[in-house]
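Trainee: Sequence:
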Amino acid sequence: MSGERRLNGLSLKVGPLGEHDRLLTLLSDQEGVTRLAVPGARRPRSSLAAAVPLSLLELQVAGRRGLARVRQLKVLRSFNSVGKQLETLAAAQALAELSLMLVAGNDPLPGLLNTLLMHLERLEALSEAQPAQPNTTLACSVQACVHLLALGGYGLPVQECCRNGTALEPPLGQWEWRCSLMPEEGFAIGALPGAALQLNPSELALLQRLLRPALPMRSDGELMGPPEVWLRLLAVVECWIRTHLPHHMRSLGMLREAIISSGDGRT
3 MSGERRLNGL
13 SLKVGPLGEH
23 DRLLTLLSDQ
33 EGVTRLAVPG
43 ARRPRSSLAA
53 AVPLSLLELQ
63 VAGRRGLARV
73 RQLKVLRSFN
83 SVGKQLETLA
93 AAQALAELSL
103 MLVAGNDPLP
113 GLLNTLLMHL
123 ERLEALSEAQ
133 PAQPNTTLAC
143 SVQACVHLLA
153 LGGYGLPVQE
163 CCRNGTALEP
173 PLGQWEWRCS
183 LMPEEGFAIG
193 ALPGAALQLN
203 PSELALLQRL
213 LRPALPMRSD
223 GELMGPPEVW
233 LRLLAVVECW
243 IRTHLPHHMR
253 SLGMLREAII
263 SSGDGRT
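According to my numbering, the sequence shown is numbered sequentially starting from 3.
It is worth saying that the hints were derived from the structure and are not from the lab. Hints may be right or wrong, so weigh each one.
[As the list claims (entries may be wrong)] No more than 25 Å apart at the CA atoms, straight line, and that leaves these computed lysine-lysine pairs for DSS-like:
#, residue 1, residue 2
1, K15, K86
2, K76, K15
3, K86, K76
[Claimed, not checked] Restraint-style ranges between C-beta atoms, simulated for each label pair:
#, residue 1, residue 2, range
4, L194, A127, 20 to 26 Å
5, M219, T168, 45 to 51 Å
6, T168, S83, 26 to 32 Å
7, L194, M219, 29 to 35 Å
Ideal Cβ positions, reconstructed from N, Cα and C, are used throughout, including at glycine.
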């Protein structure tokens with residue numbers, strides 16, 4: 003059949019299409035974000051019924067004009083276990099939603115899929131943790147958003163003052179020092195009017211460390227930062243996305259509510 007090809011990617015979103023089909027939104031290294039019809043996927047015992055969200059799929063796809071159709075499907079890995087905890091489910095949905103916002107049509111974004119898979123693996127491990135670790139889930143989510151935004155060209159400018167170009171070097175221990183988030187510009191030294199949020203030295207230092215691959219941990223192996231600080235950093239990410247990307251992310255609000263409801267986000 004004309005235009006037949008193989009695609010490997012992560013299902014970000016799945017919805018109904020007609021009476022028996024599904025509409026699959028796939029993130030792949032080859033084509034960026036692709037929307038595909040999955041014929042008969044809603045029928046009982048369909049061989050294509052495994053087209054569900056947050057699954058790494060190998061697909062045989064036919065057609066290049068209009069809506070291409072999935073002919074064969076193989077599940078390489080499923081992340082559905084993130085649904086075992088409300089916090090990890092909300093976090094995974096937020097990362098899928100943000101990835102959709104960052105990719106322009108069928109224009110691939112190098113590194114996005116692998117980065118997203120890495121963070122989903124972390125959330126999957128946290129979903130199995132007993133007792134639950136909502137603060138670590140929150141920290142992982144904030145760091146994942148920071149990484150994805152950087153890959154998408156919307157990275158948080160946490161290295162220089164947006165007003166005078168001075169290096170942002172938080173003076174740890176000087177608790178009167180403040181850094182202001184100016185939503186349209188970046189971070190500026192001082193407590194400035196019009197700021198969306200203000201960070202103290204330790205909060206800014208923690209935010210800067212999120213650019214690294216690993217979460218910031220103390221020497222005793224515990225996560226740096228209490229829940230209220232991670233909620234403030236989540237607010238920074240929410241504000242930056244709301245200002246620089248075209249849609250409001252409801253899933254980040256769901257994550258915030260889940261963390262607060264868990265009792266690990268008291269401020």
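Trainee: With reference to the structure, classify each hint as holding or not holding.
Mentor: We went through each hint and held it up to the structure:
1. Distance restraint check for K15 and K86: the Cα-Cα separation of roughly 19 Å lies within the 25 Å cut-off, and the hinted pair is therefore satisfied.
2. Under the criterion of a C-alpha separation no larger than 25 Å, the hint pairing K76 with K15 is consistent with the structure, at around 17 Å.
3. A threshold of 25 Å between alpha carbons decides the hint, and for K86 with K76 the separation of about 23 Å falls inside it, so the pair holds.
4. A hinted range of 20 to 26 Å for the beta carbons of L194 and A127 is inconsistent with their spacing of about 40 Å.
5. For M219 and T168, the Cβ-Cβ distance of about 29 Å falls outside the hinted range of 45 to 51 Å, so the restraint is violated.
6. For T168 paired with S83, a C-beta distance near 46 Å fails the hint of 26 to 32 Å.
7. Checked against the hint of 29 to 35 Å, the pair L194 and M219 passes, with Cβ atoms roughly 32 Å apart.
In summary, the structure is inconsistent with hints 4, 5 and 6 from the numbered list given earlier, while agreeing with the others.
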